[in-house]
Amino acid sequence: MAKRSVKVYPRFERFWHWTQMALIFVLLFTGLAITGLHGGLDFGPAVIGHIIAALALIVLWVFAIFWHLTTGTWKHYVPTRDGLGRVVRFYVWGIFRGEHHPYRKAYWRKHNPLQSIAYLLLKVVLFPAIWITGLIALGWNLWETVPGATAWAQVVTNIHLLAAFAIAAFVIAHVYLLTVGHSFREHVRPMITGFDTIDLTAEEEAYLEADEPGRIKPRASS
Amino acid sequence: MVYLLRSLVPAVRHALVSGAALPVVMAGMALAQEAPAIPGSDSTADHSKFEILQKDFASGPEVTEACLSCHTEADDQVMHSIHFEWEYEHPETGQLLGKRNVVNAFCGAVAGNEPRCTSCHAGYGWDNMRESSAQAQATPDCLVCHDRTGQYTKTATGAGHPPLAPVPEGTKTITGKKAKPVDLTEVAQNVGKTRRENCGNCHFYGGGGDNVKHGDLSSVLYDPERSVDVHMSPEGEDFTCSSCHVADQHQWPGSRYNVMAADTEGTGKPGERRRVATCQSCHGNTPHPAGLKGMKLNDHADTLACQTCHIPEFARGGVATKTVWDWSTATRMKEDGSPIVESDYTERDGDHRHTFMSKKGTFEWAEYAEPVYEWFNGQVEYNTADRKIDPDKRVEINPIHGSPDAPDSRIWPFKRMQGSQPYDSGRNELVYTHVWGPETDTALWTNFDWEKAIEAGMAAAGEEYSGEFGFVDTYMYWPITHMVAPAEEALDCKACHAEGGRMEEITGVNMPGRAPFGTAGIFGLLMVLATAGGVVVHALFRIFASRSKGGHHG
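For the record, the sequence lines run as chains V and A.
Under our numbering, think of the first position of the first sequence as 2, with each following residue one higher.
Under our numbering, think of the first position of the second sequence as 872, with each following residue one higher.
Since the hints were made in silico from the structure, they are not lab data.
Quick reminder that beta carbons are idealized off the backbone N, C-alpha and C, glycines included.
Don't take each hint at face value.
What the hints assert, rightly or not - Think about it this way: if two alpha-carbon atoms lie no more than 25 Å apart in a straight line, the pair counts; the simulated SDA-like pairs of lysine to any residue are:
| id | chain 1 | residue 1 | chain 2 | residue 2 |
| --- | --- | --- | --- | --- |
| 1 | A | K1140 | V | K111 |
| 2 | A | K1048 | V | G41 |
| 3 | A | K1164 | V | I137 |
| 4 | A | K1365 | V | I25 |
| 5 | V | K124 | A | G1392 |
| 6 | A | K1230 | A | G1079 |
| 7 | V | K111 | A | V1406 |
| 8 | A | K970 | V | A119 |
| 9 | A | K1365 | V | K111 |
| 10 | A | K1164 | V | K111 |
| 11 | A | K1167 | V | L42 |
| 12 | A | K926 | V | V156 |
| 13 | V | K124 | A | T1402 |
| 14 | A | K1043 | V | L56 |
| 15 | A | K1164 | V | Q155 |
| 16 | A | K1167 | V | K111 |
Said to hold, decoys possible - Quick partial rundown of chain A residues pointing at chain V, CB under 7 Å, derived from the structure:
| id | residue |
| --- | --- |
| 17 | A1118 |
| 18 | G1384 |
| 19 | A1391 |
Produce the complete structure using the sequences and hints provided.
This is how it looks when you write it as structure tokens:
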């Protein structure tokens, strides 16, 4: 086993992550203004900003889905129970006793089991819930003649709101967990540079050096 | 190309209607060849050359007779119009409405007060409401609508007749001015298409004074600033009333009893749609500029009337409208028994308006007033004097119909007039009151005796009266549709999309921003707070644990 600096987040993934982050913040800010929870932005501009950011995010997702499917990176999000118990135990107990995080990142599996379940739920439940309800709301004029349309609109709005708040809660937990284990900066850096320190087996190391030299940095001369 | 065509349609229509196209063509020709000027301004006839108009007319009806010698069908047309009949059979409810039949929250009703109220009748000599204007042999008044000299008027109490020489001292006109004698020959020789003055001299003064009734029709519209009325302002479109209320056979679109509350037809083809006065008939159904914002605004068109956003306030420009008329305080006199007149409201134009009069009761006024908003399908019902009312509740003089689910309903702005007015407490019906009658010993305004005034009013209307009366609180609704502001002064989204906004009372809509702390909002906020709380507790535990153990994970 050797600790090597390996590229775990390719350029598109980093672009996707940060653009998505920015758009989610715009959407949260404008969305809360639309709901009337803050007065930092007037309703009119908030709606326009919200729609533009939402449409941009949907376009980004279309590209991201295509990227996940064609590169095989979707496999990172396949849930597993293997090691899940240990990760949960760490967060509720071990962390307070100074234990090390039980998960060791692999370059082909960058998320711990709890992380992958959380991201999977985000991607297959919350995100679709918010953009489907958002599109339905945006298309109100196409279905307003449906019987009980106003009541349905209320349901759609409520789901949209709840999903938005759930995403906000996710953001809070997500950012907090960057402080767990390594320092915050060390956690963020890989999503900027693409490279993270990974324990590689001799075979993995040999494979990357031989077949994907761009993904592994030369051994530090120390 | 489509855009060009669309923008041309209203312009062409306006030009055709107002006759504005002709001078343009003429000017072009004059430049081209310096030919002698083509005679006539906006008509093919110069009425000063008509032989039949070369004489001294002794009365209004004599002029009408002369008009009819050429305009053979005009009297028949006018006599079938609401301007002359003051009667309207509602096609949906079958109710017989019109001034001749309804009771309002202002002076009450015409019956018993004819020569005063019928001073604004588009005819001469109607002095008995129990007869129709035709039965009463009233003559249509051509001049009130077609005078182009500006001097024609009617006396305030003359059942529609103009002031003629010699004018008795103290005579006033329908606009409240000192009456000067009208030169009927000069007026007759200078007739033409109606101008805003012709309509305004009656309609701006409904309820017996400037802007008293409507709230959106005042003398300000003779020459409004652009910000008051973008259509009628000389700096705007400089429209006359008939630019929108286009007449055909002396019939006009734009009824207050049967409003076209939702126009889904739009402009129609060029030359079509003269029989509506809707915004959409010129502006179409998707009037906002292309783009995301325009799209969102156009999306509102199937929920809101255009007026709702584009007339943010009524009674703009300096003239107030009456908002409260409490008859129950009338007949309160000074200690010496003489009548009280108080004028404690000062308008922006500097005029003082009455706030209490012994003969009329207590008034309140408003300027730049925010409308109330209601679902409206255009149908207006009236609690006429033959209907039972519940005096324990506020009575709606004219309940408006409409519901969120109906495709023909829109949210409309209204002036909601608040009244307290007499009713028959034995029969629980609204009453007719004889208010005006300087020579009778029963009129309220001269004798200050409610019992006599109501009895005389009911007799004049031919209604039964129990002999007992009380005062009931009322509301009367006036749809707001004039004084359209320039686009940049339309209501902002946040006027309604906010907690406590203008649409607070409106039901049947899903309006973001109106209730930040709805169920989903509260639940969602709790979820976020719980997460943040959990994170803080977790972090505190970590800090506490690392301190007590002295260990630190690097």
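Taking the hints in turn, this is what the structure says about them:
1. A:K1140 x V:K111: violated (65 Å)
2. A:K1048 x V:G41: Between A:K1048 and V:G41 the Cα gap is close to 53 Å, so the pair fails against 25 Å, i.e. violated.
3. A:K1164 x V:I137: holds (18 Å)
4. A:K1365 x V:I25: The given pair, whose Cα atoms are some 23 Å apart, holds under the 25 Å limit.
5. V:K124 x A:G1392: holds (22 Å)
6. A:K1230 x A:G1079: holds (14 Å)
7. V:K111 x A:V1406: holds (23 Å)
8. A:K970 x V:A119: The given pair, whose Cα atoms are some 71 Å apart, is violated under the 25 Å limit.
9. A:K1365 x V:K111: Between A:K1365 and V:K111 the Cα gap is close to 46 Å, so the pair fails against 25 Å, i.e. violated.
10. A:K1164 x V:K111: violated (43 Å)
11. A:K1167 x V:L42: Status holds; Cα separation ~18 Å.
12. A:K926 x V:V156: violated (77 Å)
13. V:K124 x A:T1402: holds (19 Å)
14. A:K1043 x V:L56: violated (66 Å)
15. A:K1164 x V:Q155: Distance ~23 Å between A:K1164 and V:Q155 Cα, so the pair holds.
16. A:K1167 x V:K111: Not satisfied, since the Cα-Cα distance of roughly 43 Å exceeds 25 Å.
17. A1118: violated (36 Å)
18. G1384: Because about 4 Å separates A:G1384 from the closest Cβ in chain V, which is inside the 7 Å limit, the hint holds.
19. A1391: With a closest approach of 4 Å, the A:A1391 hint holds.
Checked against the numbered hints listed earlier, the structure breaks hints 1, 2, 8, 9, 10, 12, 14, 16 and 17; every other hint is satisfied.
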